[in-house]
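**Student:** Here are the chains, one letter per residue:
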Amino acid sequence: MSQRNSTTPGLAAAGVREISLTIPVAPEMEIVATAQVAALGEYMGMGRDRIDEVKLALVEACINAFEHSGTTDERLHLTFRVGREAEGKEWLEVEVLDQGKGFDHSHVEVPSLEKNFGGGRKRGWGLHIIQSLMDTVAITSGEWGTRILMRKYK
Amino acid sequence: MSEACKISVERRGDVALLHTDGYINNQGGEEIAKQAYAQLDTGARALVLNLEKTRIVNSIGISILIEVLEKVMDRKGLLAFCHLTPTIDKTFRIMGLAQYAQIFSTQDDALRAVAAKG
Numbered sequence: 000m001s002q003r004n005s006t007t008p009g010l011a012a013a014g015v016r017e018i019s020l021t022i023p024v025a026p027e028m029e030i031v032a033t034a035q036v037a038a039l040g041e042y043m044g045m046g047r048d049r050i051d052e053v054k055l056a057l058v059e060a061c062i063n064a065f066e067h068s069g070t071t072d073e074r075l076h077l078t079f080r081v082g083r084e085a086e087g088k089e090w091l092e093v094e095v096l097d098q099g100k101g102f103d104h105s106h107v108e109v110p111s112l113e114k115n116f117g118g119g120r121k122r123g124w125g126l127h128i129i130q131s132l133m134d135t136v137a138i139t140s141g142e143w144g145t146r147i148l149m150r151k152y153k
Numbered sequence: 000m001s002e003a004c005k006i007s008v009e010r011r012g013d014v015a016l017l018h019t020d021g022y023i024n025n026q027g028g029e030e031i032a033k034q035a036y037a038q039l040d041t042g043a044r045a046l047v048l049n050l051e052k053t054r055i056v057n058s059i060g061i062s063i064l065i066e067v068l069e070k071v072m073d074r075k076g077l078l079a080f081c082h083l084t085p086t087i088d089k090t091f092r093i094m095g096l097a098q099y100a101q102i103f104s105t106q107d108d109a110l111r112a113v114a115a116k117g
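These protein sequence lines are chains A and B, in that order. Each step along the first sequence adds one to the number in numbering that gives the first Met the number 0, with nothing skipped, and position 77 is 76. Each step along the second sequence adds one to the number in numbering that gives the first Met the number 0, with nothing skipped, and position 96 is 95.
Everything labelled a hint here was simulated from the structure, so no lab data went into it. Cβ coordinates follow ideal geometry from the N, Cα and C atoms, glycine included. None of the hints are false.
Okay, the calculated bits of chain A under chain B, using three or more residues with CB under 8 angstroms as the criterion:
(1) 27-37
(2) 48-61
(3) 125-139
Could you put together the complete structure from these sequences and hints?
**Tutor:** Structure, rendered in structure tokens:
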């Protein structure tokens, strides 16, 4: 009796497939980068809605870096990985690295719409959206720049 | 390669129906705001935004939609969205937009609801 195998072909346990991409700090480059998420998500058989969530998290990470990182090389270094844990859970991971001035993410205030009303600042949602859409998010930052590593399970 | 958002507007009495097509970022958001304010300034009581042809709204775009929402609320009007992808719907809920603007599955549902509150 044949058994349907829903795991991604060629993706060995703990094995990782990786694509790297460098984008300039320029309008709409974040949308160019989302094409990689779509391609890898489809490759691993991730549902369209979950792929859209990863795409939006990537967009938010990119525009945050474009606006706030002060990157010295005017580029973002992106790495996309698909892998599978020993117990079989497959994941899509996106790393966004900038060589900017870094920031203390523990001091980023969680925004609220009520505070935004009445002419207040309406921005600052990026990290909150990323954390809400992705399954795991790790942020490391220092004088060398900032790395956001975010993962979504299939 | 531009993903610039295109906006088309239909007026149905005192309801303005805005259709978006493409990525809603700062430029897309500003274009929506421009069209929305023009409708409010010419007597529209309710705005319905149909996002059927939009798959990504970034946080800058949403922040501009919040400004539109504020203006609508200042004028005691109504703002409704329809045809949101699950991700856009989720993002609007994360940001709390769904508390102040109504979200509907279909355009007909949205139009019926705003008409009922006329």
